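J.: Listed below, chain by chain, are the residues.
Number of protein chains: 2
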Amino acid sequence: MAARSEHLHTAAAFCAFSLLFCAVSSFPLAPEGKRQTKCGYESCPVTKPGLLNVHLVPHTHDDVGWLKTVDQYFYGDRNDIQHAGVQYILDSVVDQLLKNPDRRFIYVETSFFFRWWKQQGEEMRNTVRMLVNQGRLEFVNGGWCMSDEAATHYSSVIDQMTLGLRFLNETFGECGRPRVAWHIDPFGHAREHASMFAQMGYDGLFFGRVDYQDRDQRQKSLDQELLWRASDSLTPPMADLFTGILPNGYNPPEGFCWDQSCDDAPIRDDPDLEDYNVDDVVQRFLAIAHAQANVYKTNHIIMTMGSDFQYENANLWYKNLDKLILYVNRRQSNGSNVNLLYSTPSCYLQELHRANQTWALKTDDFFPYADDAHDFWTGYFTSRPALKRYERFSNALLQTCNQLEVLGGPVSRNGPFGKGDTLTMRKSMAVAQHHDAVSGTSKQHVANDYARRLATGWNTCQVVVSNSLSALSGSAAPRVYCDLLNISVCSFTEASPEFTVTIFNPLGRPVLWPVRLPVNGTQYSVSGPDGNHVDSQVVPVSGSTHDVRRGRGFAVNELVFEVQAPPLGFSSYYVSQSQEWTGTKTGPESRPKTGLTQGSLQIENKFLRATFDPDTGLLTGLMNLETKQKIDLTQNFYWYNASDGNSSDSNQPSGAYIFRPNSSTPFVISKTAKTQLIQTSVMQELRQVFSPWVSQVVRLYSGSRALELEWTIGPVPIDDDLGKEVITRLDTNIKSGGVFYTDSNGRELLRRRKDFRPTWDLKQSEPIAGNYYPINSRAFIMVRDEENQLTVVTDRSQGGSSIQNGSLEIMLHRRLLYDDVRGVAEPLNETSALFPDGLVVRGSLLLSLDPPKSAADKHRPLGQETVLQPLLSFTKGKPEASAELTFSGLQTALPPAVHLLTLSQWDSDSVLLRLEHQFQSWESQSNSQPVTINLQKLFSTLTVLGFSELNLSANQWKEDMKRFDWTPKTEKPVQKTFVDPSFWEVTLRPMEIRTFLLRVRL
Amino acid sequence: MAARSEHLHTAAAFCAFSLLFCAVSSFPLAPEGKRQTKCGYESCPVTKPGLLNVHLVPHTHDDVGWLKTVDQYFYGDRNDIQHAGVQYILDSVVDQLLKNPDRRFIYVETSFFFRWWKQQGEEMRNTVRMLVNQGRLEFVNGGWCMSDEAATHYSSVIDQMTLGLRFLNETFGECGRPRVAWHIDPFGHAREHASMFAQMGYDGLFFGRVDYQDRDQRQKSLDQELLWRASDSLTPPMADLFTGILPNGYNPPEGFCWDQSCDDAPIRDDPDLEDYNVDDVVQRFLAIAHAQANVYKTNHIIMTMGSDFQYENANLWYKNLDKLILYVNRRQSNGSNVNLLYSTPSCYLQELHRANQTWALKTDDFFPYADDAHDFWTGYFTSRPALKRYERFSNALLQTCNQLEVLGGPVSRNGPFGKGDTLTMRKSMAVAQHHDAVSGTSKQHVANDYARRLATGWNTCQVVVSNSLSALSGSAAPRVYCDLLNISVCSFTEASPEFTVTIFNPLGRPVLWPVRLPVNGTQYSVSGPDGNHVDSQVVPVSGSTHDVRRGRGFAVNELVFEVQAPPLGFSSYYVSQSQEWTGTKTGPESRPKTGLTQGSLQIENKFLRATFDPDTGLLTGLMNLETKQKIDLTQNFYWYNASDGNSSDSNQPSGAYIFRPNSSTPFVISKTAKTQLIQTSVMQELRQVFSPWVSQVVRLYSGSRALELEWTIGPVPIDDDLGKEVITRLDTNIKSGGVFYTDSNGRELLRRRKDFRPTWDLKQSEPIAGNYYPINSRAFIMVRDEENQLTVVTDRSQGGSSIQNGSLEIMLHRRLLYDDVRGVAEPLNETSALFPDGLVVRGSLLLSLDPPKSAADKHRPLGQETVLQPLLSFTKGKPEASAELTFSGLQTALPPAVHLLTLSQWDSDSVLLRLEHQFQSWESQSNSQPVTINLQKLFSTLTVLGFSELNLSANQWKEDMKRFDWTPKTEKPVQKTFVDPSFWEVTLRPMEIRTFLLRVRL
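So the protein sequences, as listed, match chains A and B. Numbering of the first sequence is given in our numbering, commencing with residue 5 and proceeding in unit increments. Numbering of the second sequence is given in our numbering, commencing with residue 5 and proceeding in unit increments.
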């Protein structure tokens, strides 16, 4: 175990952040002498066993962008929009904590804390370290932000948590490690989030928002605190997480808000002045405390004393809380049984744990979230679809960038193409995970800022990629990136008669990938890394692509060919323009067949066949040519008329958060599509035009097992003054009967059933919106033990449902005319300088048809290929003779069940590796099995000298992870211990992610 | 000089506040070791002589009541009305001052500071003392409030300043003494205020509000800083006061407000974050500094960095100011000539003094104040006339109470009738001086609070009076007070067949006073303290009195007789009901002649005759029977139609502050009055009824040299949706030609001329409102060297003007339907539970007709009798045989020129005495002469053991007063030294007030 022991030191050893934060500021090592400190559970205040203990938790909720940008929030700029300045909050809280050692504060969002910390001098830093070491300032959650739970992909959530927690660990050591996850604001709660939090070592999760019917039920049954079993595949209690639903959202009880933003009466305790109110305040508080105790189980209750951006002037809060505690507790001498104390969520949690109760077990999730009968927060599953796509796409670049930084070595960061870094993109992506960022619920100018931050990340990342590829390939040729290939814009390929395209594949398995490049020539020759000719075709750019480019490109054609890229590696293809085609056929398959459709209509490759109605132009069926299974499949586009709030039952309009159609029947955009069929050797596609603002390409690449539906929607017309929520609906003959499956944050799939909730008797009041769920990466309908499973893999997070038997609908775009009164104070009506008439959005759905028992074998890799798309880069002319045209960082491809989740530089001689078993325990006969990987034999160029295992968020040694154990009302799981086969061999079980810190040499 | 030297010690000796603040809290002595401290001018920051020095003055402006009550402001209660909490301001400022020794703060309103201080522990108090001793926290102004300048009487201003400054002296010693007067918010500036500030030892005055035309002119001529010669009678520089007009009112320059209440961009100086703006901020600031320097004289300029209730979270201000100073001064290394520093008004003043310039001399005042062409702040001169009267009347009680506390000895405070104090009333009165209190510009609920505070003061004061009178008279009989005699309400006299009434006269001269008591009998016998019969009459209560009582009393008659009360003393009269009148005349004058008027109509006594038109019932003339002079005099009531803001030239409505009539021609209420004449031996009166809401009694008591016009107005009707500003106008044949005279704060008279300002070429844009001036206690019209001066003495502060030749108009009541957009956000539309249909107000004007050269001999004593009316108290039945029925605290009456301004207990063995020469140097041949008083021979029961002279505000020994001397552009006055004739004899010169601390033995 020598190698292991190499890393077996305190967490402080993590801290030479030369590659991370030290780029922007110099951080000290974690505090020495932590043995003298008393933080975490040890620092909790004393409670009184016989009394009702009220844990007052001073806190601020600081959105990492919402109505203002994250930096505006930090500085307190644009207070005309919203009064909020985080720099002042932290200034003020530290000052006030120093005035009374009993006072406590929790801080959550590390992106803000980081900004503040780098502006502080050593004296203030020491003061804060002291407060942290004494448990007076406690970090909870501790990620870079408090992530959205519907639209975030698990990969990016893990990254943003790792970024924030690493900073805390770096800066404060063990006392800076949050014990509690704190998701007080996200609008519904994903099971996968709970699973991740459990694996990150959190002892519990608290949140504020829960369906109002669910809450009512839980208040009656005293089940607002429960045990969440957050995985159906991981062995309990690995993904078990104690979960508490807070009593007032995350606000203080009515009448007890003493922030500068509140108007509640302060405690006026000078009898010489007017309006002495101590007795009144105490009476009101006692009534509230007793009422709250009635709906919770133990003689401990928690009160969140704070809210959005509160504590900018912490004195107001603490001065009055000091008095509240004094005057309420003074009543104990007169027999009062209420005991107030400053506390934290972890201290409250510790008391719940000590109470030794049994807790209700929950295995589903907390979607959808409704705060009233007609107020379902299911619109944001789709809001801002372009931002959602950009965020997902940016993750692919970040992972690629991380990998290439490792594979290329130090020259990646400072090489022939200048200085680059991954931190910029890491921070941009972390900010984008915020629950008003990728969720689409920020103001427009803030959404622009999120996108701008990602774009900045692209720039710095592409320098790393160029430097690294230069090192790995031995080619010094300058590299060009084309970020708008989805709309056929690339001035480089449009203007170049010959060039080389390099495809980097961030997956642990080889990939076959269709490349589509905008060109102006009509005939090209393509050769692969081995010099062999590659079949390619030139097809005309579609009309909708012409429309959507808006002057950013003028290519008339696209060159299409399929490439192979090795695992964790690249291959380069040489493209050169041939003589113009003279009208003579140069080969049997070399020219696409195009033309208006007529007669029977279908596209097919060797795996799939899609059939269309020649009269309507609509899809009619899908057939798996390998399994010979076949379904009826009609697909079309519709829009729900968004409520403007003028209805008799509720005045709730549809908005950025909330989906509320005026009618349950969507309007069809067109019953027919104008079509154009293109059939080539590389791909076949049917181009459908439904209206001036809705078109689609149904496409089959020759090597693909999925049918691509590439939709283009917008500008959504609003000249009829009707807000529109555009869906596509797939109608099949699968007898799914209201049952469908959606994934949680891109990982485990949950069963959904129309008008049904697993843990309470639902009164459905919104027949459409109340059945919507997030489709983060995929959804399917099937009937177990029957033949057909239709799976849809999405390219971004969207909302969707199955309203009719056999149907699956996905919301693609939304354009709304009213604000939904949840604070954003803007209608979701996206326009820009380029799109003054409304945003146009393009995306893809990938359809596969398989037997249920093997469907996952296809959609799991398909999902990963969609998330981690290859990165294309271009160089001029032919590759240099000396250049390597192909490279793989792995010795061999990973087994099908294993996904390379993380490979990123940690420290100068260490690398963070996450390997993931990507199958649920029940979904694949062949792949839902344990699989073992030898870490020493993993990499081709990287020598692994040793390793240690970490928790999922990489802020604790795995062996130090000791979480509270909780007893569910039902059976208590038997703790199982798994032992790896050998030192270097690690076994992954279904849905398991293992995180390793590798000591490496390049 | 033995007695003098007894008191010749440091100010710290003032501090055994056993009678004052120690009643509410225990105050330490002023800090020891003040020699180690460096405060005042010595603590000023270093400036850079060659550069433009910008004095940044962090400050908060804390209204002592306005939109919220003073206690609501203190605690931060009712933040729904306005966000403001003074307790937090002081908490926060102290914290922030500690963070950087360069930072400065000034504090102004001692009523708030006192409230805060008494809640602080010893540690915080020591911290604050340290800050004060180092000049980091500096008190400016320092009165209990920042007084209004139009409606306040000098007596109450001196009292409130004394109260505040004494607390500061007590608490902080010399370092707590303000050097600068700071009247940044009052709406126009009274010359008498400047005179008082000079005599209080202030080195300068700064204010923010000045007429916009005046400011424009002064900016051009660089005369925004000037020398104000604030008295035409006091020998310069006794009343000379350096006066600075601040550049932005009292706000920070545009774009540089960093309070939590502001939205200006913070300084974003982290280049890693978005929107780095340091260069922009510095550029903008430099431009503003240079522009400001262009309109001031020296290379020092001041910027007020604060505003209303700012600095509740002082961190925001200081953090950004620290940065501003850093980044602007950093430019000096690149040649910038601008130097920023934290400073205070006194440090700025010191630099102006060092600049050794000459300054424009001003001898008039700063009324009226207009901030735009149609925005004259002349409405508040009359706003809330009932509150204005109650405030003035309360002062009389306070002075009486103060005097009786001294004369009665310790038993006054704790005697047979319980514990009483003068401090409650002193604080209530001090609060009432605030520039939104007596000014009438607060919200209604706050006006109610001011009145409630005064009422509380009455209660505690009346205990002192009862105890003291009991001691002085030797009678233990319980004493009853009737506070509503002006509306003939006194349940005691109404129900008692016999009683004794004691009249206490707070003046230094005997007074002849008419007593009117509500009774239900028809015949009474009255005997004086000598047992002799006193002529008395019973007259019916007037109809308007019946109307206005609203169920608070039911007396049908009033018993009227004239009494004599000795100087600073009392006399008691015994009243007993006689047999009911049987119809037979019991004496030639014993029954009033009453009846509807007919034929020639007049009332007269031996001094005056007033004639009326028998057809219209209106006054027609006034004759002084002693001098035989006679004028035509018509008097009637009118109303201006208040602008509702709908006019083409401006949308300014009339409101609490602003007077803006829709038309310059007022509407007459009635051209005729219904009249009733009552003629008795004691008084003659003509009762006039003009309308259901306007009536008047024109009255002559047999011994009075003034004609009383007792008006009753209200409820002002608004059912026509027109706001009304009700005036009375006196039209005479005096050829005054637009010239008239009004007093300043009840003291010196200033000459006014229609459509004219003495120091600039007025463009008159409001022919009525632009000619209104405060009439604090009196106004007159006359033609110098001609025969007739018509003087009007008012019973409260009012606005008035002379619009026509020979006329004088006084605004009596206002009822308005629109807010005037100056923040109070309420129309001035006074109603109450008792007056739901609108407030009814009653008051008196006293008219005298005299030759100009001797008019003051009459109106000066008349004015003091009106301000310091006797206090009536009642006991049951006959006086006890042993009781003293008459008493005077003085050995002899004071000379006619001398007014006893203050006699109040200071410490257990010391008494504060102020003697005042009440004539201007030019107004009386006989009385405008120096007059000498022997302090040892002053009191009849009080032995004066020694004395020392103080400045006017009693916070500095007179001989320690060393004020900056300033050179006016014109001649510099020769400093004159006056020597008193002997140790005990002190000489008063015209308009001089001398303040003494007497060591006394009772």
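Check each hint, because a few of them may be wrong.
For chains that are exact copies, the list does not tell them apart, and a pair is met inside one copy or across any two.
Derived lysine-lysine pairs resembling PhoX-like cross-links, with alpha carbons at most 20 angstroms apart [as the list claims (entries may be wrong)]: (1) Lys103 with Lys122; (2) Lys52 with Lys767; (3) Lys327 with Lys122; (4) Lys423 with Lys675.
Read the hints as simulated data drawn from the structure, not as lab findings. Everything numeric in this text was worked out from a predicted model, so none of it was measured.
J.: For each hint, tell me whether it holds in the structure or not.
T.: Here's how the hints hold up against the structure:
For the homomeric pair Lys103 and Lys122, the shortest alpha-carbon distance between copies (19 angstroms) is at most 20 angstroms, but the shortest distance inside one copy (24 angstroms) is not. Taking the closest pair of Cα atoms, Lys52 and Lys767 never come within 20 angstroms of each other, the shortest separation being 41 angstroms inside a single copy and 76 angstroms across copies. In this assembly of identical chains, the alpha carbons of Lys327 and Lys122 lie at most 20 angstroms apart only when taken from different copies (16 angstroms versus 34 angstroms within one copy). With identical chains, the CA atoms of Lys423 and Lys675 are never at most 20 angstroms apart, being 54 angstroms at best within one copy and 93 angstroms at best between copies.
Consistency with the previously given hints fails for numbers 2 and 4, ordered from lowest to highest.
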